[in-house]
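K.L.:
Chain order of the listed sequences is A and B. Taking this note's numbering as reference, the numbering of the first sequence is continuous, increasing by one, and the terminal residue is 368. Taking this note's numbering as reference, the numbering of the second sequence is continuous, increasing by one, and the terminal residue is 126.
No wet-lab data here; the hints were simulated from the structure. Some clues are possibly wrong.
Claimed, not checked - Calculated pairs, DSBU-like style, for lysine-lysine (alpha carbon to alpha carbon, straight line, at most 35 Å): (1) B:K105 to A:K16; (2) A:K18 to A:K213; (3) A:K256 to B:K8; (4) A:K105 to A:K359; (5) B:K119 to B:K105; (6) B:K86 to A:K16; (7) B:K60 to A:K124; (8) B:K26 to A:K81; (9) A:K133 to A:K241; (10) B:K60 to A:K338; (11) B:K8 to A:K16; (12) B:K8 to A:K347; (13) B:K60 to A:K335; (14) B:K103 to A:K347; (15) A:K261 to A:K280; (16) A:K205 to A:K286; (17) B:K99 to A:K10; (18) A:K296 to A:K334; (19) B:K114 to A:K347; (20) A:K360 to A:K338; (21) A:K205 to A:K360; (22) A:K347 to B:K60; (23) A:K347 to B:K119; (24) A:K216 to B:K60; (25) A:K286 to A:K359; (26) A:K10 to B:K122; (27) B:K114 to A:K286; (28) B:K99 to A:K346; (29) A:K286 to A:K261; (30) B:K105 to A:K18; (31) A:K16 to A:K286; (32) A:K105 to A:K213.
The structure displayed is predicted, hence computed values, not measured ones.
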Amino acid sequence: MEIKKTSLYKLHQDNKAKFVEFAGYQMPIQYSDGIVEEHKFTRNHSGIFDVSHMGQLFIYGDENLIEDLEKIFPLNLKDLKLNHSKYSFLMNDEAGIYDDLIVTKIEQGFLIILNAACKENDFKILSKLLNNKHKMVLDENRSLIAIQGPKSAQILNNIINGVEELSFMTGNWFLFEQQKIYITRSGYTGEDGFEISLPNDLVEKFTKRLIEKGAKLIGLGARDTLRLEAGLCLYGHELDKNKTPVEANLKWAISKERVSKGNFIGSNIINKQLNDGVSKIRVGIKPEGRVIAREKTKIFNQSDSYIGEITSGTFGPSVNGPVAMGYVENEFSKKDTKVFLEVRGKKYPANICGLPFYKKSYVKGANK
Amino acid sequence: MSEVKYSKEHEWIKLEGDVATIGITKHATEMLGDIVFTELPEKGSNVEKDGTAGVVESTKAASDVYTPVSGEVVDTNQDIVDDPSKINQDPENTAWFFKLKIKDKSEMDSLMNKDEYDKFAKESSS
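Could you put the whole structure together from the sequences, leaning on the hints where they help?
P.N.:
Here's what the structure looks like:
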């Protein structure tokens with residue numbers, strides 16, 4: 001299969017990107033500054049991320065659309081206001097996660113942002129579930145970029161007047177070069193920021209404008225350290241089809257009202273797990289020293305019994321130390337529980353900790 | 001001046017008397033990216049030519065550090081354990097990894113000189 005490139009490929013090259021293949025795309029893992037500097041720049045200033053490999057699924061339909069989607073997603077879509085976004089999941093009958101996604105209410109339908117590695121499969125599953133009753137477009141003609149960090153609102157507002165007014169997890173259409181672009185105040189770094197959906201032929205020009213105003217391109221390497229410090233899940237690591245949202249400690253994203261009524265895919269399992277508890281659960285894990293426990297590192301309790309596995313682990317540049325997330329047996333999931341991580345044959349002490357590792361409050365916006 | 005030699009695993013080695021100082025090359029640090037963790041061999045332990053003698057980790061991945069010659073570890077550089085970013089800053093000088101009292105100087109013979117290594121590094125990265 002041919003490796004795909006995003007519309008910003010040339011700009012990445014011009015900025016001396018090192019590329020990796022990710023979900024079938026040639027993506028920048030870092031630029032010349034390196035992951036640590038890019039990470040810090042995003043936390044202190046403003047970083048631009050090319051996330052055009054992610055799926056932008058537009059679903060348009062009649063009055064039945066909301067009802068049909070509520071049979072799939074554990075969201076209260078009837079009450080979701082125009083231009084408001086919610087984090088959710090596409091699940092199987094066992095509540096295993098096919099994908100985690102962001103659903104935004106737009107005129108005549110919804111925009112759903114899907115993970116790159118899952119988008120084709122999601123489209124197939126959703127087409128089947130919706131039985132071709134509604135118009136579905138997995139739009140390849142649009143790019144998606146994120147701008148994240150404390151200076152982002154000011155920088156973006158210089159180019160698109162009015163974005164500063166958006167509240168967290170809301171969006172709107174704006175104009176750039178007489179073309180419609182959709183901007184939401186959201187992101188995946190633990191920083192205030194925006195995601196911008198715009199036509200492929202505008203994205204390079206738009207990104208260059210952001211760079212002129214002081215933002216910098218940031219690679220997937222720093223995106224990973226940023227999201228991990230922020231305690232956010234990455235599909236294929238913390239989430240997959242053998243893990244449920246309750247096990248992933250994401251029950252906040254499931255509508256209580258919808259759970260009590262229970263008519264969505266996976267609702268039986270979700271209900272059962274919410275009532276009876278789960279046997280394994282996602283936790284934050286902080287190694288005591290400097291050793292980095294990567295994905296698949298085994299976790300042991302104080303009596304040397306195996307209790308789980310790390311799903312992501314790296315060095316957190318803002319925490320200035322190693323950070324990890326993983327799944328452990330529920331009885332060992334309490335904060336400050338001492339555990340041991342087996343790295344290169346040796347066991348290193350670590351503690352279960354609260355998430356995020358690095359906290360900064362999202363800006364609520366001027367309107368609310 | 002003692003000659004510096006290089007291994008295919010991107011270590012440099014400088015011999016003074018029968019004590020060799022070993023570190024990783026600038027080229028290696030450029031491939032690794034930001035180094036955030038270092039593990040060194042224990043002082044007093046013996047390491048064998050081409051065996052692992054430490055670990056460096058970047059934000060991306062862990063890599064073994066090999067020793068290009070055999071010997072007894074007589075000193076290790078605690079500075080790069082406390083602040084691994086020093087390896088990126090000055091890999092071929094102050095950020096050395098460990099010192100060995102070497103057994104067999106002839107093990108140095110198969111290693112590359114600077115010109116040979118530069119050529120090798122250029123070819124292996126293209």
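K.L.:
Take the hints in turn and mark each one as holding or not.
P.N.:
So, going through the hints one by one against the coordinates:
no.: 1; hint: B:K105 to A:K16; result: 42 Å, violated
no.: 2; hint: A:K18 to A:K213; result: 24 Å, holds
no.: 3; hint: A:K256 to B:K8; result: 60 Å, violated
no.: 4; hint: A:K105 to A:K359; result: 28 Å, holds
no.: 5; hint: B:K119 to B:K105; result: 24 Å, holds
no.: 6; hint: B:K86 to A:K16; result: 23 Å, holds
no.: 7; hint: B:K60 to A:K124; result: 33 Å, holds
no.: 8; hint: B:K26 to A:K81; result: 55 Å, violated
no.: 9; hint: A:K133 to A:K241; result: 26 Å, holds
no.: 10; hint: B:K60 to A:K338; result: 26 Å, holds
no.: 11; hint: B:K8 to A:K16; result: 26 Å, holds
no.: 12; hint: B:K8 to A:K347; result: 31 Å, holds
no.: 13; hint: B:K60 to A:K335; result: 27 Å, holds
no.: 14; hint: B:K103 to A:K347; result: 32 Å, holds
no.: 15; hint: A:K261 to A:K280; result: 25 Å, holds
no.: 16; hint: A:K205 to A:K286; result: 42 Å, violated
no.: 17; hint: B:K99 to A:K10; result: 45 Å, violated
no.: 18; hint: A:K296 to A:K334; result: 21 Å, holds
no.: 19; hint: B:K114 to A:K347; result: 39 Å, violated
no.: 20; hint: A:K360 to A:K338; result: 26 Å, holds
no.: 21; hint: A:K205 to A:K360; result: 31 Å, holds
no.: 22; hint: A:K347 to B:K60; result: 21 Å, holds
no.: 23; hint: A:K347 to B:K119; result: 41 Å, violated
no.: 24; hint: A:K216 to B:K60; result: 20 Å, holds
no.: 25; hint: A:K286 to A:K359; result: 15 Å, holds
no.: 26; hint: A:K10 to B:K122; result: 24 Å, holds
no.: 27; hint: B:K114 to A:K286; result: 42 Å, violated
no.: 28; hint: B:K99 to A:K346; result: 24 Å, holds
no.: 29; hint: A:K286 to A:K261; result: 38 Å, violated
no.: 30; hint: B:K105 to A:K18; result: 39 Å, violated
no.: 31; hint: A:K16 to A:K286; result: 34 Å, holds
no.: 32; hint: A:K105 to A:K213; result: 31 Å, holds
Comparing the model with each numbered hint stated earlier shows that hints 1, 3, 8, 16, 17, 19, 23, 27, 29 and 30 do not hold.
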